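Undergrad: For the sequence shown, the numbering used here assigns the number 1 to the initial residue and increments by one for each residue that follows.
Just so you know, the hints here were simulated from the structure itself, not pulled from any lab data.
Among the hints, a few may not be true.
Below 27 Å or equal to it, Euclidean Cα-Cα: the simulated DSSO-like pairs (lysine-lysine) are [claimed, not checked]:
1. Lys466 x Lys369
2. Lys171 x Lys157
3. Lys498 x Lys72
4. Lys422 x Lys171
5. Lys312 x Lys292
6. Lys445 x Lys103
7. Lys103 x Lys382
8. Lys182 x Lys103
9. Lys391 x Lys273
10. Lys382 x Lys97
11. Lys369 x Lys391
12. Lys466 x Lys391
13. Lys97 x Lys66
14. Lys382 x Lys356
15. Lys196 x Lys66
16. Lys157 x Lys182
17. Lys382 x Lys445
18. Lys103 x Lys466
19. Lys182 x Lys97
20. Lys292 x Lys422
21. Lys422 x Lys445
22. Lys500 x Lys422
23. Lys312 x Lys466
24. Lys445 x Lys466
25. Lys422 x Lys391
26. Lys196 x Lys157
27. Lys356 x Lys466
28. Lys273 x Lys498
29. Lys72 x Lys312
30. Lys103 x Lys72
31. Lys66 x Lys182
32. Lys182 x Lys171
33. Lys196 x Lys103
34. Lys369 x Lys312
35. Lys382 x Lys422
If you anchor each label on the Cβ, the simulated ranges turn out as follows [said to hold, decoys possible]:
36. Arg399 x Ser496: 17 to 27 Å
37. Arg399 x Arg346: 40 to 50 Å
38. Ser13 x Lys382: 24 to 34 Å
39. Leu493 x Ser377: 38 to 48 Å
40. Ser7 x Asp348: 46 to 56 Å
None of the values given here were measured: they were computed from a predicted structure.
Note that beta-carbon positions come from the ideal geometry of N, C-alpha and C, so glycine has one too.
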Amino acid sequence: MSFSYRSIVMLLSVIIFASLLKLAFFAVPKDNTAPMLNAQEVRQDLYALLDQIEQHSAFYALTPDKASPQLKYMASLIVEQYQDMTPNDRFAAEITKLLNSLKDPGAQVHDFDDQSGDLPLTLRPLNDQWLALDSSNSPINNDFPFVTHIDGLPMSKWVAASQAYLPEPAKQSQEMQLPWLKKMNLLREDLGLSIKPYVLITLINDDLQTQQVTLALPSHEPQAQLAASNQEDKTQDMSVFEFINQLSQFERTEFQDVPHQLETVNNTTVKLKISDLYAFELNRDLQQELLKGMTHPLLIIDLRDASGFSPKLLSLLSRYQDADLNNTLAPNVMGFAHYRRSPELRNDYLQPLNFKPLDALEYSVPRLKSLTRNLPSVDEDKFSPWYIRTKPAVTPEGRNRLALLVSPKCRQECEWIAYRTKSWSRANLIGEKTSGDFARQYHFKLPNSGLDIRFSSSLTYDAQGKLLSGAGTEPDIWLPQNSDIQWQGLVSLVRSAKPKTQLIQTSQPTKLAQAKLN
1 MSFSYRSIVM LLSVIIFASL LKLAFFAVPK DNTAPMLNAQ EVRQDLYALL
51 DQIEQHSAFY ALTPDKASPQ LKYMASLIVE QYQDMTPNDR FAAEITKLLN
101 SLKDPGAQVH DFDDQSGDLP LTLRPLNDQW LALDSSNSPI NNDFPFVTHI
151 DGLPMSKWVA ASQAYLPEPA KQSQEMQLPW LKKMNLLRED LGLSIKPYVL
201 ITLINDDLQT QQVTLALPSH EPQAQLAASN QEDKTQDMSV FEFINQLSQF
251 ERTEFQDVPH QLETVNNTTV KLKISDLYAF ELNRDLQQEL LKGMTHPLLI
301 IDLRDASGFS PKLLSLLSRY QDADLNNTLA PNVMGFAHYR RSPELRNDYL
351 QPLNFKPLDA LEYSVPRLKS LTRNLPSVDE DKFSPWYIRT KPAVTPEGRN
401 RLALLVSPKC RQECEWIAYR TKSWSRANLI GEKTSGDFAR QYHFKLPNSG
451 LDIRFSSSLT YDAQGKLLSG AGTEPDIWLP QNSDIQWQGL VSLVRSAKPK
501 TQLIQTSQPT KLAQAKLN
(Lines of atoms letter the chains of each structure in order from A and count residues from 1; the text may use other names and numbers.)
(Lines give C-alpha, C1' and ligand atoms only; values in the text may rest on other atoms or scores of the structure.)
Protein backbone atom coordinates (compact mmCIF):
# COMPACT_ATOMS: atom_id res chain seq x y z
CA MET A 1 0.00 0.00 0.00
CA SER A 2 1.51 3.37 -1.02
CA PHE A 3 1.01 6.75 0.65
CA SER A 4 0.96 10.07 -1.10
CA TYR A 5 3.31 12.89 -0.07
CA ARG A 6 0.36 14.83 1.37
CA SER A 7 -0.74 11.84 3.51
CA ILE A 8 2.75 11.35 4.92
CA VAL A 9 3.04 15.05 5.83
CA MET A 10 -0.39 14.99 7.50
CA LEU A 11 0.49 11.88 9.49
CA LEU A 12 3.78 13.36 10.66
CA SER A 13 2.02 16.59 11.62
CA VAL A 14 -0.51 14.69 13.73
CA ILE A 15 2.28 12.74 15.46
CA ILE A 16 4.26 15.93 16.19
CA PHE A 17 1.16 17.71 17.50
CA ALA A 18 0.28 14.80 19.79
CA SER A 19 3.87 14.68 21.07
CA LEU A 20 3.83 18.40 21.85
CA LEU A 21 0.59 18.01 23.79
CA LYS A 22 2.04 15.13 25.77
CA LEU A 23 5.15 17.19 26.56
CA ALA A 24 2.92 20.06 27.67
CA PHE A 25 1.08 17.67 29.97
CA PHE A 26 4.34 16.56 31.56
CA ALA A 27 5.33 20.22 31.94
CA VAL A 28 2.26 20.96 34.08
CA PRO A 29 3.61 21.29 37.64
CA LYS A 30 2.59 18.52 40.03
CA ASP A 31 2.71 18.42 43.76
CA ASN A 32 5.94 16.52 44.33
CA THR A 33 6.40 17.76 47.87
CA ALA A 34 7.95 15.01 49.95
CA PRO A 35 5.76 14.13 52.96
CA MET A 36 8.83 13.10 55.00
CA LEU A 37 12.49 14.14 55.00
CA ASN A 38 15.46 12.15 56.23
CA ALA A 39 18.36 13.74 58.13
CA GLN A 40 20.51 14.19 55.02
CA GLU A 41 17.69 15.92 53.14
CA VAL A 42 17.14 18.26 56.08
CA ARG A 43 20.83 19.21 56.09
CA GLN A 44 20.87 19.75 52.33
CA ASP A 45 17.82 22.02 52.43
CA LEU A 46 19.23 24.03 55.32
CA TYR A 47 22.53 24.49 53.51
CA ALA A 48 20.70 25.68 50.38
CA LEU A 49 18.53 28.02 52.47
CA LEU A 50 21.45 29.69 54.26
CA ASP A 51 23.32 30.07 50.99
CA GLN A 52 20.36 31.82 49.33
CA ILE A 53 19.83 34.08 52.35
CA GLU A 54 23.47 35.16 52.36
CA GLN A 55 23.37 35.96 48.65
CA HIS A 56 19.94 37.59 48.25
CA SER A 57 18.41 38.73 51.55
CA ALA A 58 18.41 42.52 52.05
CA PHE A 59 17.74 42.21 55.78
CA TYR A 60 20.63 39.77 56.19
CA ALA A 61 22.99 42.24 54.52
CA LEU A 62 22.03 44.95 57.03
CA THR A 63 23.80 43.13 59.89
CA PRO A 64 25.62 40.09 58.42
CA ASP A 65 28.03 39.82 61.37
CA LYS A 66 25.08 39.32 63.72
CA ALA A 67 22.74 37.42 61.39
CA SER A 68 25.20 34.82 60.12
CA PRO A 69 26.08 33.15 63.45
CA GLN A 70 22.46 33.32 64.59
CA LEU A 71 21.17 31.58 61.46
CA LYS A 72 23.88 28.93 61.61
CA TYR A 73 23.13 28.29 65.27
CA MET A 74 19.39 27.88 64.59
CA ALA A 75 20.13 25.58 61.64
CA SER A 76 22.40 23.44 63.82
CA LEU A 77 19.61 23.09 66.39
CA ILE A 78 17.23 21.89 63.66
CA VAL A 79 19.79 19.32 62.43
CA GLU A 80 20.43 18.12 65.97
CA GLN A 81 16.74 17.81 66.82
CA TYR A 82 15.62 16.03 63.65
CA GLN A 83 17.93 13.07 63.18
CA ASP A 84 15.25 10.70 61.91
CA MET A 85 12.39 11.12 59.46
CA THR A 86 10.87 14.62 59.66
CA PRO A 87 7.37 15.53 58.42
CA ASN A 88 7.46 18.22 55.76
CA ASP A 89 5.03 20.48 57.64
CA ARG A 90 7.18 20.28 60.79
CA PHE A 91 10.26 21.22 58.78
CA ALA A 92 8.33 24.14 57.23
CA ALA A 93 7.47 25.37 60.72
CA GLU A 94 11.14 25.29 61.77
CA ILE A 95 12.15 27.15 58.60
CA THR A 96 9.51 29.78 59.42
CA LYS A 97 11.06 30.36 62.84
CA LEU A 98 14.53 30.54 61.33
CA LEU A 99 13.46 33.16 58.77
CA ASN A 100 11.77 35.23 61.48
CA SER A 101 15.16 35.82 63.08
CA LEU A 102 15.89 38.14 60.12
CA LYS A 103 13.02 40.41 61.26
CA ASP A 104 11.93 40.53 57.64
CA PRO A 105 8.16 41.12 57.27
CA GLY A 106 8.28 39.69 53.75
CA ALA A 107 9.76 36.33 54.77
CA GLN A 108 7.30 33.52 53.97
CA VAL A 109 7.18 29.74 53.53
CA HIS A 110 4.74 28.23 51.04
CA ASP A 111 3.90 24.92 49.38
CA PHE A 112 3.51 22.47 52.24
CA ASP A 113 0.64 20.30 53.43
CA ASP A 114 -0.30 21.42 56.91
CA GLN A 115 -1.04 18.40 59.11
CA SER A 116 -0.97 20.24 62.44
CA GLY A 117 -4.57 19.50 63.49
CA ASP A 118 -6.39 22.80 63.64
CA LEU A 119 -8.30 23.78 66.76
CA PRO A 120 -12.00 23.08 66.00
CA LEU A 121 -13.16 26.49 67.19
CA THR A 122 -12.45 30.16 66.56
CA LEU A 123 -10.60 32.19 69.17
CA ARG A 124 -11.35 35.87 69.36
CA PRO A 125 -9.59 38.23 71.78
CA LEU A 126 -11.79 40.47 73.90
CA ASN A 127 -9.83 42.75 76.20
CA ASP A 128 -7.68 40.33 78.23
CA GLN A 129 -9.83 37.26 77.53
CA TRP A 130 -10.45 34.91 74.61
CA LEU A 131 -13.90 34.11 73.29
CA ALA A 132 -14.52 30.56 72.07
CA LEU A 133 -16.70 30.73 68.94
CA ASP A 134 -18.11 28.17 66.53
CA SER A 135 -18.12 28.35 62.73
CA SER A 136 -21.01 30.83 62.78
CA ASN A 137 -19.16 33.15 65.20
CA SER A 138 -21.45 32.26 68.09
CA PRO A 139 -20.13 31.17 71.51
CA ILE A 140 -19.78 27.39 71.75
CA ASN A 141 -21.29 27.75 75.21
CA ASN A 142 -23.36 30.85 75.98
CA ASP A 143 -23.06 30.28 79.73
CA PHE A 144 -19.26 29.89 79.60
CA PRO A 145 -18.07 32.05 76.69
CA PHE A 146 -14.34 32.47 77.46
CA VAL A 147 -11.35 30.11 77.18
CA THR A 148 -8.83 30.08 80.01
CA HIS A 149 -6.83 26.87 79.35
CA ILE A 150 -6.16 24.44 76.53
CA ASP A 151 -4.91 20.97 77.50
CA GLY A 152 -4.43 22.29 81.02
CA LEU A 153 -2.08 25.12 80.01
CA PRO A 154 -3.13 28.78 80.32
CA MET A 155 -3.79 30.73 77.13
CA SER A 156 -0.71 32.88 77.73
CA LYS A 157 1.51 29.82 77.12
CA TRP A 158 -0.17 29.10 73.79
CA VAL A 159 0.02 32.74 72.73
CA ALA A 160 3.75 32.87 73.50
CA ALA A 161 4.35 29.64 71.54
CA SER A 162 2.44 30.95 68.52
CA GLN A 163 4.45 34.18 68.46
CA ALA A 164 7.60 32.24 67.58
CA TYR A 165 6.17 31.80 64.08
CA LEU A 166 5.64 35.52 63.51
CA PRO A 167 8.19 38.15 62.39
CA GLU A 168 8.98 40.88 64.88
CA PRO A 169 6.53 43.53 63.54
CA ALA A 170 3.60 41.09 63.65
CA LYS A 171 4.13 39.45 67.05
CA GLN A 172 1.52 41.67 68.71
CA SER A 173 -0.96 41.43 65.84
CA GLN A 174 -4.07 39.47 66.73
CA GLU A 175 -4.91 38.92 63.08
CA MET A 176 -1.51 37.39 62.24
CA GLN A 177 -1.43 35.39 65.47
CA LEU A 178 -4.76 33.59 65.20
CA PRO A 179 -3.90 31.19 62.32
CA TRP A 180 -0.84 29.91 64.24
CA LEU A 181 -2.75 29.76 67.50
CA LYS A 182 -5.11 27.22 65.92
CA LYS A 183 -2.32 24.77 65.01
CA MET A 184 -2.71 22.48 67.98
CA ASN A 185 -0.31 19.64 67.24
CA LEU A 186 2.42 22.00 66.10
CA LEU A 187 2.22 24.03 69.30
CA ARG A 188 1.88 20.88 71.40
CA GLU A 189 5.26 19.68 70.14
CA ASP A 190 6.81 23.06 70.95
CA LEU A 191 5.34 22.97 74.46
CA GLY A 192 6.39 19.37 75.09
CA LEU A 193 2.83 17.97 75.12
CA SER A 194 1.73 14.66 73.66
CA ILE A 195 -0.18 14.52 70.37
CA LYS A 196 -3.81 13.44 70.86
CA PRO A 197 -6.82 13.25 68.55
CA TYR A 198 -8.79 15.53 70.86
CA VAL A 199 -8.31 18.76 72.80
CA LEU A 200 -9.44 19.70 76.32
CA ILE A 201 -10.86 23.22 76.56
CA THR A 202 -11.46 24.98 79.90
CA LEU A 203 -14.23 27.59 79.74
CA ILE A 204 -15.13 30.31 82.23
CA ASN A 205 -17.94 32.81 82.78
CA ASP A 206 -18.13 36.23 84.41
CA ASP A 207 -18.75 34.62 87.81
CA LEU A 208 -15.40 32.77 87.52
CA GLN A 209 -17.18 29.41 87.23
CA THR A 210 -15.45 26.94 84.94
CA GLN A 211 -16.43 24.06 82.70
CA GLN A 212 -14.31 21.65 80.67
CA VAL A 213 -15.18 20.54 77.15
CA THR A 214 -13.47 17.86 75.06
CA LEU A 215 -13.44 18.44 71.31
CA ALA A 216 -12.20 16.15 68.56
CA LEU A 217 -9.48 17.47 66.27
CA PRO A 218 -9.93 17.16 62.50
CA SER A 219 -8.39 13.85 61.46
CA HIS A 220 -5.34 13.91 59.19
CA GLU A 221 -4.10 10.71 57.61
CA PRO A 222 -1.01 11.57 55.56
CA GLN A 223 -0.40 7.98 54.43
CA ALA A 224 -3.98 7.53 53.28
CA GLN A 225 -3.86 10.85 51.49
CA LEU A 226 -0.56 9.89 49.88
CA ALA A 227 -2.01 6.57 48.73
CA ALA A 228 -5.04 8.36 47.32
CA SER A 229 -2.74 10.81 45.56
CA ASN A 230 -0.71 7.97 44.05
CA GLN A 231 -3.89 6.25 42.91
CA GLU A 232 -5.04 9.48 41.36
CA ASP A 233 -1.72 9.84 39.55
CA LYS A 234 -2.21 6.37 38.05
CA THR A 235 -5.54 7.40 36.62
CA GLN A 236 -4.19 10.72 35.34
CA ASP A 237 -3.06 9.30 31.98
CA MET A 238 -5.75 11.33 30.28
CA SER A 239 -6.46 11.52 26.61
CA VAL A 240 -5.35 14.43 24.46
CA PHE A 241 -8.92 15.73 24.24
CA GLU A 242 -9.37 15.65 28.04
CA PHE A 243 -6.14 17.64 28.44
CA ILE A 244 -7.26 20.24 25.91
CA ASN A 245 -10.58 20.51 27.74
CA GLN A 246 -8.79 21.16 31.04
CA LEU A 247 -6.67 23.87 29.44
CA SER A 248 -9.78 25.53 28.04
CA GLN A 249 -11.26 25.73 31.55
CA PHE A 250 -8.12 27.18 33.15
CA GLU A 251 -8.49 30.69 34.56
CA ARG A 252 -6.00 32.88 36.32
CA THR A 253 -7.06 33.52 39.89
CA GLU A 254 -6.38 37.25 39.76
CA PHE A 255 -9.20 37.66 37.24
CA GLN A 256 -11.78 35.74 39.26
CA ASP A 257 -12.37 38.36 41.94
CA VAL A 258 -15.63 40.29 41.70
CA PRO A 259 -15.02 44.07 41.85
CA HIS A 260 -16.07 45.66 45.13
CA GLN A 261 -18.80 48.25 44.98
CA LEU A 262 -19.38 51.41 46.98
CA GLU A 263 -21.68 50.76 49.95
CA THR A 264 -23.63 53.22 52.05
CA VAL A 265 -23.07 53.28 55.83
CA ASN A 266 -25.28 56.29 56.58
CA ASN A 267 -26.33 59.50 54.85
CA THR A 268 -22.84 61.01 55.19
CA THR A 269 -20.60 57.94 54.96
CA VAL A 270 -19.79 55.35 52.31
CA LYS A 271 -17.28 52.50 52.28
CA LEU A 272 -15.27 50.68 49.64
CA LYS A 273 -13.06 47.58 49.80
CA ILE A 274 -9.91 47.40 47.66
CA SER A 275 -7.66 44.34 47.80
CA ASP A 276 -5.76 44.14 44.50
CA LEU A 277 -4.05 47.41 43.65
CA TYR A 278 -3.07 46.14 40.20
CA ALA A 279 -6.69 45.30 39.43
CA PHE A 280 -7.74 48.73 40.72
CA GLU A 281 -5.46 50.43 38.19
CA LEU A 282 -7.10 48.52 35.34
CA ASN A 283 -10.68 48.82 36.58
CA ARG A 284 -12.17 52.14 35.46
CA ASP A 285 -15.51 51.33 37.08
CA LEU A 286 -13.89 50.82 40.48
CA GLN A 287 -11.97 54.07 40.08
CA GLN A 288 -15.23 55.87 39.37
CA GLU A 289 -16.70 54.30 42.49
CA LEU A 290 -13.79 55.70 44.48
CA LEU A 291 -14.17 59.19 42.98
CA LYS A 292 -17.88 59.06 43.75
CA GLY A 293 -17.10 58.06 47.34
CA MET A 294 -14.68 60.97 47.69
CA THR A 295 -17.58 63.41 47.27
CA HIS A 296 -19.12 62.23 50.57
CA PRO A 297 -18.23 63.82 53.93
CA LEU A 298 -16.55 60.57 54.98
CA LEU A 299 -15.13 57.80 52.82
CA ILE A 300 -13.98 54.55 54.47
CA ILE A 301 -11.65 52.35 52.43
CA ASP A 302 -10.93 48.80 53.58
CA LEU A 303 -7.26 48.06 52.75
CA ARG A 304 -6.73 45.26 55.25
CA ASP A 305 -5.78 42.76 52.55
CA ALA A 306 -4.46 45.16 49.91
CA SER A 307 -1.27 44.40 47.98
CA GLY A 308 0.35 45.19 44.64
CA PHE A 309 2.64 47.99 43.50
CA SER A 310 0.32 50.15 41.40
CA PRO A 311 0.53 53.87 42.44
CA LYS A 312 -2.91 54.76 41.05
CA LEU A 313 -4.80 54.62 44.36
CA LEU A 314 -2.26 56.76 46.21
CA SER A 315 -2.41 59.34 43.42
CA LEU A 316 -6.19 59.63 43.72
CA LEU A 317 -6.13 59.71 47.52
CA SER A 318 -3.50 62.48 47.49
CA ARG A 319 -6.35 64.94 47.05
CA TYR A 320 -6.87 64.51 50.80
CA GLN A 321 -3.31 65.58 51.64
CA ASP A 322 -2.43 68.91 53.22
CA ALA A 323 -0.99 71.76 51.19
CA ASP A 324 2.80 71.54 51.52
CA LEU A 325 4.27 75.05 51.51
CA ASN A 326 7.66 74.07 52.92
CA ASN A 327 10.53 75.56 50.96
CA THR A 328 12.83 72.57 51.32
CA LEU A 329 15.51 71.16 49.09
CA ALA A 330 13.22 68.54 47.55
CA PRO A 331 9.64 68.75 48.88
CA ASN A 332 8.48 66.17 46.35
CA VAL A 333 10.69 63.32 47.63
CA MET A 334 8.68 60.50 49.17
CA GLY A 335 11.46 58.04 49.92
CA PHE A 336 14.54 56.10 48.85
CA ALA A 337 15.31 52.43 48.23
CA HIS A 338 18.05 50.09 47.13
CA TYR A 339 18.18 46.37 46.36
CA ARG A 340 20.51 43.53 47.16
CA ARG A 341 23.03 43.19 44.35
CA SER A 342 22.85 39.99 42.33
CA PRO A 343 24.21 38.98 38.90
CA GLU A 344 20.74 38.09 37.63
CA LEU A 345 19.11 41.42 38.59
CA ARG A 346 18.92 44.32 36.14
CA ASN A 347 19.31 47.96 37.15
CA ASP A 348 15.57 48.53 36.61
CA TYR A 349 14.72 46.03 39.38
CA LEU A 350 12.93 48.69 41.46
CA GLN A 351 11.05 50.29 38.58
CA PRO A 352 7.87 48.24 39.25
CA LEU A 353 7.97 49.73 42.77
CA ASN A 354 7.80 53.22 41.19
CA PHE A 355 11.41 54.12 41.99
CA LYS A 356 13.82 55.74 39.55
CA PRO A 357 17.59 56.37 39.62
CA LEU A 358 18.79 59.56 41.29
CA ASP A 359 20.19 60.69 37.94
CA ALA A 360 16.64 60.94 36.60
CA LEU A 361 16.09 64.00 38.80
CA GLU A 362 18.69 65.92 36.75
CA TYR A 363 19.91 67.69 39.89
CA SER A 364 23.38 69.13 40.25
CA VAL A 365 25.97 67.06 42.10
CA PRO A 366 25.97 69.33 45.20
CA ARG A 367 22.18 69.21 45.36
CA LEU A 368 22.15 65.41 45.06
CA LYS A 369 24.71 65.13 47.85
CA SER A 370 22.62 67.38 50.08
CA LEU A 371 19.49 65.39 49.21
CA THR A 372 21.07 62.07 50.22
CA ARG A 373 23.21 63.29 53.13
CA ASN A 374 21.02 61.55 55.73
CA LEU A 375 21.00 58.16 53.99
CA PRO A 376 23.05 55.48 55.77
CA SER A 377 26.37 54.38 54.36
CA VAL A 378 26.13 50.92 52.81
CA ASP A 379 28.40 48.26 51.39
CA GLU A 380 28.36 48.95 47.64
CA ASP A 381 29.34 45.35 46.95
CA LYS A 382 26.10 44.18 48.55
CA PHE A 383 23.62 46.93 47.65
CA SER A 384 22.74 48.81 44.50
CA PRO A 385 23.00 52.61 44.17
CA TRP A 386 20.17 54.62 45.71
CA TYR A 387 16.84 55.00 43.93
CA ILE A 388 14.25 57.66 44.65
CA ARG A 389 10.47 57.88 44.66
CA THR A 390 8.67 61.18 44.36
CA LYS A 391 5.24 62.20 45.62
CA PRO A 392 2.29 62.20 43.21
CA ALA A 393 1.88 65.60 41.57
CA VAL A 394 -1.64 66.11 42.91
CA THR A 395 -3.17 69.32 44.26
CA PRO A 396 -5.12 68.98 47.53
CA GLU A 397 -8.82 69.66 47.17
CA GLY A 398 -12.10 69.33 49.04
CA ARG A 399 -12.92 69.34 52.73
CA ASN A 400 -14.05 65.74 53.17
CA ARG A 401 -12.62 63.11 55.49
CA LEU A 402 -10.90 59.79 54.77
CA ALA A 403 -10.65 56.69 56.97
CA LEU A 404 -8.47 53.74 55.99
CA LEU A 405 -8.71 50.26 57.52
CA VAL A 406 -5.23 48.70 57.66
CA SER A 407 -3.64 45.56 59.07
CA PRO A 408 -0.34 43.62 58.82
CA LYS A 409 -1.68 42.20 55.54
CA CYS A 410 -1.59 45.70 54.04
CA ARG A 411 1.60 45.22 52.00
CA GLN A 412 3.72 46.69 49.22
CA GLU A 413 2.08 49.86 47.84
CA CYS A 414 -0.51 49.69 50.61
CA GLU A 415 2.35 50.32 53.03
CA TRP A 416 3.10 53.57 51.21
CA ILE A 417 -0.56 54.57 51.41
CA ALA A 418 -0.60 53.97 55.17
CA TYR A 419 2.71 55.81 55.66
CA ARG A 420 1.68 58.85 53.61
CA THR A 421 -1.88 59.25 54.94
CA LYS A 422 -0.68 58.94 58.55
CA SER A 423 0.41 62.60 58.48
CA TRP A 424 -2.66 64.00 56.67
CA SER A 425 -4.97 66.03 58.89
CA ARG A 426 -8.12 64.86 57.09
CA ALA A 427 -7.26 61.14 57.19
CA ASN A 428 -7.40 58.53 59.94
CA LEU A 429 -5.79 55.08 59.96
CA ILE A 430 -7.86 52.45 61.76
CA GLY A 431 -6.90 48.88 62.63
CA GLU A 432 -3.61 47.23 63.54
CA LYS A 433 -0.04 48.26 62.86
CA THR A 434 1.19 47.38 59.37
CA SER A 435 4.17 45.07 59.00
CA GLY A 436 6.50 47.34 57.02
CA ASP A 437 6.60 45.09 53.95
CA PHE A 438 7.52 47.51 51.12
CA ALA A 439 9.93 45.25 49.24
CA ARG A 440 10.24 43.17 46.15
CA GLN A 441 10.70 39.54 47.07
CA TYR A 442 13.26 36.98 46.04
CA HIS A 443 11.89 33.44 45.99
CA PHE A 444 13.18 29.94 45.33
CA LYS A 445 12.37 26.30 46.11
CA LEU A 446 14.32 24.09 48.46
CA PRO A 447 15.55 20.98 46.62
CA ASN A 448 14.20 18.19 48.86
CA SER A 449 11.20 19.58 50.74
CA GLY A 450 9.92 21.60 47.78
CA LEU A 451 9.16 24.52 50.09
CA ASP A 452 8.74 27.86 48.35
CA ILE A 453 10.84 30.39 50.29
CA ARG A 454 10.40 34.15 49.92
CA PHE A 455 12.14 37.09 51.55
CA SER A 456 12.78 40.77 50.91
CA SER A 457 15.48 41.66 48.40
CA SER A 458 15.16 45.46 48.74
CA LEU A 459 14.97 48.04 51.53
CA THR A 460 12.95 51.25 51.73
CA TYR A 461 13.76 54.49 53.56
CA ASP A 462 11.86 57.71 54.11
CA ALA A 463 12.94 61.13 52.82
CA GLN A 464 15.07 61.69 55.96
CA GLY A 465 16.94 58.39 55.55
CA LYS A 466 15.07 56.44 58.23
CA LEU A 467 14.52 52.74 57.51
CA LEU A 468 10.85 52.05 56.78
CA SER A 469 11.16 48.36 55.90
CA GLY A 470 10.16 46.27 58.87
CA ALA A 471 9.05 49.28 60.93
CA GLY A 472 5.36 49.45 60.02
CA THR A 473 2.89 52.30 60.51
CA GLU A 474 0.88 52.68 63.70
CA PRO A 475 -2.85 53.38 63.24
CA ASP A 476 -4.46 56.50 64.65
CA ILE A 477 -7.26 54.35 66.08
CA TRP A 478 -6.39 50.81 67.20
CA LEU A 479 -9.10 48.29 66.29
CA PRO A 480 -8.78 44.47 66.31
CA GLN A 481 -9.31 43.07 62.84
CA ASN A 482 -12.52 41.07 63.02
CA SER A 483 -14.63 40.28 59.99
CA ASP A 484 -17.84 41.54 61.60
CA ILE A 485 -16.97 45.22 61.95
CA GLN A 486 -19.84 47.42 63.08
CA TRP A 487 -19.54 50.16 60.50
CA GLN A 488 -21.73 52.69 62.27
CA GLY A 489 -19.62 52.20 65.39
CA LEU A 490 -16.49 52.74 63.31
CA VAL A 491 -17.94 56.06 62.09
CA SER A 492 -18.41 57.03 65.73
CA LEU A 493 -14.75 56.20 66.40
CA VAL A 494 -13.65 58.49 63.59
CA ARG A 495 -15.95 61.22 64.82
CA SER A 496 -14.62 61.03 68.38
CA ALA A 497 -10.96 60.81 67.34
CA LYS A 498 -8.73 63.69 68.33
CA PRO A 499 -8.33 65.98 65.31
CA LYS A 500 -4.89 66.01 63.74
CA THR A 501 -3.01 69.27 63.45
CA GLN A 502 -2.54 70.30 59.86
CA LEU A 503 1.17 70.41 59.19
CA ILE A 504 1.08 73.56 57.10
CA GLN A 505 -1.50 76.23 57.69
CA THR A 506 -2.99 77.58 54.49
CA SER A 507 -4.31 81.09 54.08
CA GLN A 508 -7.87 79.78 54.50
CA PRO A 509 -7.99 76.98 57.05
CA THR A 510 -10.06 74.01 55.92
CA LYS A 511 -13.19 73.28 57.89
CA LEU A 512 -13.32 69.54 58.50
CA ALA A 513 -16.43 67.59 57.66
CA GLN A 514 -16.13 65.72 60.95
CA ALA A 515 -18.74 67.94 62.57
CA LYS A 516 -21.31 66.74 60.03
CA LEU A 517 -20.85 63.04 60.68
CA ASN A 518 -23.69 61.14 62.26
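Undergrad: Hint by hint, say whether it matches the structure.
TA: Here's how the hints hold up against the structure:
1. Lys466 x Lys369: holds (17 Å)
2. Lys171 x Lys157: At roughly 14 Å apart (the allowed maximum being 27 Å), Lys157 and Lys171 satisfy the hint.
3. Lys498 x Lys72: violated (48 Å)
4. Lys422 x Lys171: Holds: Lys422 and Lys171 sit about 22 Å apart, inside 27 Å.
5. Lys312 x Lys292: holds (16 Å)
6. Lys445 x Lys103: Between Lys445 and Lys103 the Cα gap is close to 21 Å, so the pair holds against 27 Å.
7. Lys103 x Lys382: holds (19 Å)
8. Lys182 x Lys103: holds (23 Å)
9. Lys391 x Lys273: Holds - the C-alpha atoms of Lys273 and Lys391 are around 24 Å apart, at most 27 Å.
10. Lys382 x Lys97: Given pair Lys382, Lys97 holds - Cα atoms ~25 Å apart, limit 27 Å.
11. Lys369 x Lys391: holds (20 Å)
12. Lys466 x Lys391: holds (17 Å)
13. Lys97 x Lys66: Given pair Lys97, Lys66 holds - Cα atoms ~17 Å apart, limit 27 Å.
14. Lys382 x Lys356: Distance ~19 Å between Lys382 and Lys356 Cα, so the pair holds.
15. Lys196 x Lys66: Roughly 39 Å between the alpha carbons, so the hint for Lys196 and Lys66 is violated.
16. Lys157 x Lys182: holds (13 Å)
17. Lys382 x Lys445: holds (23 Å)
18. Lys103 x Lys466: Holds, because 16 Å separates the two Cα atoms, which is no more than 27 Å.
19. Lys182 x Lys97: holds (17 Å)
20. Lys292 x Lys422: holds (23 Å)
21. Lys422 x Lys445: The hint is violated at about 37 Å.
22. Lys500 x Lys422: holds (10 Å)
23. Lys312 x Lys466: Answer holds: Lys312 to Lys466 is near 25 Å, not above 27 Å.
24. Lys445 x Lys466: Violated, at about 33 Å.
25. Lys422 x Lys391: holds (15 Å)
26. Lys196 x Lys157: Satisfied, since the Cα-Cα distance of roughly 18 Å is no more than 27 Å.
27. Lys356 x Lys466: holds (19 Å)
28. Lys273 x Lys498: holds (25 Å)
29. Lys72 x Lys312: violated (43 Å)
30. Lys103 x Lys72: holds (16 Å)
31. Lys66 x Lys182: At roughly 33 Å apart (the allowed maximum being 27 Å), Lys182 and Lys66 break the hint.
32. Lys182 x Lys171: holds (15 Å)
33. Lys196 x Lys103: violated (33 Å)
34. Lys369 x Lys312: Cα-Cα ~30 Å, so violated.
35. Lys382 x Lys422: violated (32 Å)
36. Arg399 x Ser496: 17 to 27 Å: Given about 19 Å between the Cβ atoms, the range holds.
37. Arg399 x Arg346: 40 to 50 Å: Once the Cβ atoms are compared, 45 Å apart, the range 40 to 50 Å for Arg346 and Arg399 holds.
38. Ser13 x Lys382: 24 to 34 Å: violated (54 Å)
39. Leu493 x Ser377: 38 to 48 Å: holds (43 Å)
40. Ser7 x Asp348: 46 to 56 Å: The hinted range 46 to 56 Å holds for Ser7 and Asp348, with Cβ atoms some 52 Å apart.
Violated hints, in rising order: 3, 15, 21, 24, 29, 31, 33, 34, 35 and 38; the structure is consistent with all others.
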